[in-house]
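Peer 1: Quick note, the sequences are listed as chains A and B, same order.
Each residue of the first sequence is one higher than the one before, starting from 1 at the first, in the UniProt record's numbering.
Each residue of the second sequence is one higher than the one before, starting from 1 at the first, in the UniProt record's numbering.
It is possible that part of the hints are untrue.
Same chains, same names: a pair is fine if it fits in one copy or spans any two.
Lysine to aspartate or glutamate pairs mimicking EDC-like chemistry, simulated, CA-CA at most 20 Å apart [as the list claims (entries may be wrong)]:
no., residue 1, residue 2
1, Lys6, Glu143
2, Lys179, Glu4
3, Lys6, Glu148
4, Lys6, Asp126
5, Lys6, Glu146
6, Lys266, Asp99
7, Lys175, Glu204
8, Lys386, Glu171
9, Lys29, Glu4
10, Lys353, Asp42
11, Lys353, Glu75
12, Lys267, Asp314
13, Lys353, Glu171
14, Lys70, Glu28
15, Lys343, Asp375
None of these hints come from the bench; they were simulated from the model.
Residue strings, one per chain:
There are 2 protein chains.
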Amino acid sequence: MSIEEKFARLGTDNAPGQEVRQAADGIEKLMRGDTLEGTPVDFSHGDVDAFLPTPGSLEVFSAGYAMGAKQAYTEYRGDIGIREMVAERLSAFTGAPVDARDGLIITPGTQGALFLAIATTTARGDKVAIMQPDYFANRKLVEFFEGEMIPVQLDYVNAGNNAGINLNELEQAFKDGAKVFLFSNPNNPAGVVYSADEIAAIAELASRYGATVIVDQLYSRLLYSGLAYTHLRASKIDPENVITIMGPSKTESLSGYRLGVAFGSKKLIDRMEKLQAIVSLRAGGYSQAVLRTWFAEEAGWMDERIRLHQAIRDDLLTVLRGCDGVFARTPQAGSYLFPRLPKLAVSYADFIKILRLQAGVSVTPGTEFSPHCADSIRFNFSQDHKAAVAAVERLVTLVDRYRA
Amino acid sequence: MSIEEKFARLGTDNAPGQEVRQAADGIEKLMRGDTLEGTPVDFSHGDVDAFLPTPGSLEVFSAGYAMGAKQAYTEYRGDIGIREMVAERLSAFTGAPVDARDGLIITPGTQGALFLAIATTTARGDKVAIMQPDYFANRKLVEFFEGEMIPVQLDYVNAGNNAGINLNELEQAFKDGAKVFLFSNPNNPAGVVYSADEIAAIAELASRYGATVIVDQLYSRLLYSGLAYTHLRASKIDPENVITIMGPSKTESLSGYRLGVAFGSKKLIDRMEKLQAIVSLRAGGYSQAVLRTWFAEEAGWMDERIRLHQAIRDDLLTVLRGCDGVFARTPQAGSYLFPRLPKLAVSYADFIKILRLQAGVSVTPGTEFSPHCADSIRFNFSQDHKAAVAAVERLVTLVDRYRA
Chain A
1 MSIEEKFARL GTDNAPGQEV RQAADGIEKL MRGDTLEGTP VDFSHGDVDA
51 FLPTPGSLEV FSAGYAMGAK QAYTEYRGDI GIREMVAERL SAFTGAPVDA
101 RDGLIITPGT QGALFLAIAT TTARGDKVAI MQPDYFANRK LVEFFEGEMI
151 PVQLDYVNAG NNAGINLNEL EQAFKDGAKV FLFSNPNNPA GVVYSADEIA
201 AIAELASRYG ATVIVDQLYS RLLYSGLAYT HLRASKIDPE NVITIMGPSK
251 TESLSGYRLG VAFGSKKLID RMEKLQAIVS LRAGGYSQAV LRTWFAEEAG
301 WMDERIRLHQ AIRDDLLTVL RGCDGVFART PQAGSYLFPR LPKLAVSYAD
351 FIKILRLQAG VSVTPGTEFS PHCADSIRFN FSQDHKAAVA AVERLVTLVD
401 RYRA
Chain B
1 MSIEEKFARL GTDNAPGQEV RQAADGIEKL MRGDTLEGTP VDFSHGDVDA
51 FLPTPGSLEV FSAGYAMGAK QAYTEYRGDI GIREMVAERL SAFTGAPVDA
101 RDGLIITPGT QGALFLAIAT TTARGDKVAI MQPDYFANRK LVEFFEGEMI
151 PVQLDYVNAG NNAGINLNEL EQAFKDGAKV FLFSNPNNPA GVVYSADEIA
201 AIAELASRYG ATVIVDQLYS RLLYSGLAYT HLRASKIDPE NVITIMGPSK
251 TESLSGYRLG VAFGSKKLID RMEKLQAIVS LRAGGYSQAV LRTWFAEEAG
301 WMDERIRLHQ AIRDDLLTVL RGCDGVFART PQAGSYLFPR LPKLAVSYAD
351 FIKILRLQAG VSVTPGTEFS PHCADSIRFN FSQDHKAAVA AVERLVTLVD
401 RYRA
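Produce the entire structure from the sequences given, and follow the hints as far as they go.
Peer 2: Written out as C-alpha cells, the structure is:
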C-alpha cells in the first residue's frame with residue numbers, strides 16, 4: 001500500500017473534537033426554520049468542567065514535579081514505584097494478579113495503549129476480529145498496520161441482558177484465521193456490558209483457537225447500580241493471551257494528563273515497551289504521578305459520580321424515548337448513549353451538521369463506529385445535567401422538524 | 001516480516017535510561033582493582049535536578065489545568081492559541097514562516113514528532129537516507145516501518161569547520177532512490193553543527209532529487225559562543241519538502257512534560273495529525289500550556305544556561321584530552337560529547353558495564369548510533385558540574401586501568 005493510500009484511509013474530520021476543522025459549505029440550503037437557543041453542548045467527549053478531575057490531581061502532579069529527575073525520566077514503561085502501586089489496585093479490581101515489573105506498562109492515554117497493543121500483535125495481512133459497532137480507532141489501527149479486519153456484529157438492540165455479540169461470527173473469524181480479537185467492554189458507543197456468559201464464551205473460543213484478546217475496559221469503573229461486570233482476564237484463559245487496557249481519562253476526568261495502562265501478557269508488554277521507546281518514549285513523567293490518585297479516591301467519590309451520571313442518563317432516555325421513532329437502549333456502564341434516529345428528509349451526515357449549526361449540539365456520527373450504524377449518533381453524556389437535557393430536547397425538536 | 005522479527009530488531013536494553021533492565025551476569029570476572037568512590041552520574045540523559053526546568057513551567061501548567069476542558073481537549077494537533085504563539089516564535093528563530101493553522105503540530109515530545117514524521121513518509125520498501133552516527137531511534141523507526149536504510153557517513157573527526165557529511169554518499173543515496181533524508185542538527189551524538197555550505201548542499205541535492213528532508217533540531221538553541229547555525233528550512237528548498245522538529249525537552253529541561261513540535265510541510269503535518277489521532281490523541285492538554293514559556297524565558301536565562309554548559313564542556317574536554325589515546329571533538333551545540341576510546345583489554349560493551357559498576361558512571365555505547373562507532377561513548381553533560389568532572393576523571397582512571 002502506498003503512503004498516500006494508507007493516509008487516505010485515516011480521515012479524522014468526523015472524529016470527536018475535530019469538527020473545528022470541518023467545512024460545512026452549502027449546508028444552509030438544507031436548513032429549515034430558525035436557530036434554537038440554548039447553551040451549546042459538545043457531546044463528542046465528556047466535559048471536565050462539569051465533572052471535575054479527581055480531587056487532588058494537580059497537587060499530586062506538582063509533587064511529581066518536585067521529585068525532579070527521578071519522576072521526569074522513568075523507565076519507558078513507567079516508574080516502578082507507581083507501577084507497583086497501580087498493579088496492586090488493578091489486581092484487586094479485576095480479580096487476577098498483575099505483575100508490576102513485567103506485566104504492566106503506563107502509556108500516554110488509553111489511545112497510546114491501544115496503538116501499542118495492535119502494533120505488537122498485528123503484522124501485515126494478519127486477521128483481526130473487531131466488533132461492529134466499536135470504538136472508531138479500532139478499525140483505523142488495524143488498517144494502519146495493514147491487518148485484515150473481520151467484523152463481528154454486536155446486536156445490542158435485541159440482546160436482552162447480554163451485550164449481543166454474535167458468537168457464531170466470532171468463532172468463524174477465528175476459524176478463518178483471526179489471531180487477535182479486540183473489543184471494548186463496556187462497549188463504546190452502545191454502553192452495554194458483556195454478560196458473564198458472553199465473557200466465558202469469548203474466553204473459551206479464544207483459548208480453543210489460540211487467539212490473543214485485547215480488551216479495552218476504559219469505562220469499567222462507571223458501572224450503574226445493580227449491574228455485574230465480568231473481567232475477561234479473571235476467566236479461564238491463558239493470561240499470556242490477554243491484554244487489558246484501562247485509564248483514568250474518562251470516569252475520573254483526568255484526560256488532560258494523558259494516562260493509560262495496559263497489563264497482562266508479559267511477552268506483549270515487553271514488545272509494547274520497545275515500541276513506546278520510539279513512539280513517545282514514555283507517558284509524561286510528572287503525569288505518571290497522578291496515577292497515585294487512581295483507585296484511591298476519597299470514600300464515596302466514585303459512588304456519587306456514578307449516581308450523578310445515572311441521573312443524567314435517565315433524564316436523557318426519557319427525552320429521547322418521547323420522540324417517535326427513536327430507539328435508545330439503556331447504557332449499563334460508561335457515559336455513552338447511542339440512539340437510533342427515525343428516517344429523516346436529509347442525510348444523517350447533514351443532520352449532524354445542522355444539529356451543530358442550528359442547535360449548538362455536537363455529536364459523533366454512527367458511521368465512525370460501524371458502517372451499519374449510519375442512523376445512530378453517539379453522545380457522551382458526562383456533561384452539565386441541565387445543559388445536556390436541554391440540548392437533547394433541541395435535538396428532538398430538530399428530529400421532528402426534519403422528519404421524512 | 002513477522003511480528004517476532006520486527007520486534008527482535010527493536011531492542012532497547014542499551015537505550016539511555018533502560019540500564020535498570022539489564023543483567024550483567026559474569027562481568028565480575030573481568031573486573032580489575034577496586035571500586036572508585038564518587039557521586040554516581042547518569043550521563044545517558046541530562047539531569048533536570050542540575051539544570052532545572054524553565055522558571056515558571058509548573059505555574060503555567062497549573063494555569064492550563066485551571067482552564068479546564070478547553071485545555072484538556074484540544075485539536076489533535078494542539079491548541080490553536082498555543083500553536084499561533086509558538087509558530088510566531090519559531091518563525092523568528094528559524095528565519096522562515098510557520099503556518100500556525102496548517103503547518104505545525106504539537107506532539108508528545110520530539111520522539112513523538114520523529115515517529116510521526118517517519119510514519120508519514122516511509123512505506124514498506126521505501127529508501128531512507130540516514131546519517132551514521134545519528135540519534136539511535138532513527139534507524140529503529142525506519143526499520144519499524146520496513147523502510148530500507150541507506151547510511152551516509154558523518155566524518156566528524158576530520159571535518160574542520162564542517163560537520164563532516166559525505167555529500168557524495170548523500171547524492172548516491174538519492175540516485176539510488178532515497179525519497180527521505182533524516183538527520184539531526186546539531187548531530188546527536190557528535191555535537192557538531194552542519195556548516196552553511198553543508199546545509200546549502202543538502203538543500204540543493206534534496207531539491208534536485210525531489211526528496212523530503214526531516215531535520216531534528218532539538219538542540220539548536222544551545223549554540224556555543226561564536227558559532228553560527230543555518231536553518232535548512234530557511235534555505236533554497238521547497239517548504240513542502242521539509243519537516244523541522246524541535247522541542248523544549250533538553251536545553252529547557254522540560255522533558256517531564258513530554259512536548260515537541262513538528263512544522264513545515266502542510267501535507268505531511270496533516271498526515272501526522274491523522275496518525276497522532278490513533279497513536280496518542282494529542283500531546284497532554286495541560287502540558288501543551290507549558291509551551292507558553294518557550295522562547296519567552298526571562299532575559300539572560302538562555303545565555304546563562306549556554307555559558308554553564310560551555311564551562312562543563314570545556315572542563316570535560318580537558319580531562320578527556322589528558323588521557324592518552326582518547327579523541328574528543330569539541331561540541332559546537334547541545335550537551336553531547338562523543339569521545340573515542342583507545343584499545344582496551346575488554347570489549348567496549350563490557351567496559352561500559354564495568355564503568356557503571358566500578359565507577360558509578362552511566363554512558364551510552366557508540367553502537368547505538370552507528371555500527372562503526374563501537375569505540376565511542378556518548379555523554380550528556382547537562383549535569384552537576386563538579387560531579388560530571390569527577391565522573392569523567394573516574395572514567396579516565398578506568399581507561400588507564402583497562403588499557404590494552
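Peer 1: Give a verdict on every hint.
Peer 2: Taking the hints in turn, this is what the structure says about them:
no.: 1; hint: Lys6 / Glu143; in the structure: both (8 Å within a copy, 18 Å between copies)
no.: 2; hint: Lys179 / Glu4; in the structure: between (28 Å within a copy, 14 Å between copies)
no.: 3; hint: Lys6 / Glu148; in the structure: both (14 Å within a copy, 18 Å between copies)
no.: 4; hint: Lys6 / Asp126; in the structure: both (16 Å within a copy, 14 Å between copies)
no.: 5; hint: Lys6 / Glu146; in the structure: both (9 Å within a copy, 14 Å between copies)
no.: 6; hint: Lys266 / Asp99; in the structure: within (8 Å within a copy, 44 Å between copies)
no.: 7; hint: Lys175 / Glu204; in the structure: within (14 Å within a copy, 55 Å between copies)
no.: 8; hint: Lys386 / Glu171; in the structure: neither (45 Å within a copy, 65 Å between copies)
no.: 9; hint: Lys29 / Glu4; in the structure: neither (34 Å within a copy, 55 Å between copies)
no.: 10; hint: Lys353 / Asp42; in the structure: within (13 Å within a copy, 55 Å between copies)
no.: 11; hint: Lys353 / Glu75; in the structure: between (45 Å within a copy, 18 Å between copies)
no.: 12; hint: Lys267 / Asp314; in the structure: neither (43 Å within a copy, 45 Å between copies)
no.: 13; hint: Lys353 / Glu171; in the structure: neither (39 Å within a copy, 50 Å between copies)
no.: 14; hint: Lys70 / Glu28; in the structure: neither (56 Å within a copy, 28 Å between copies)
no.: 15; hint: Lys343 / Asp375; in the structure: within (8 Å within a copy, 72 Å between copies)
Hint violations for this structure: numbers 8, 9, 12, 13, 14, all remaining hints satisfied.
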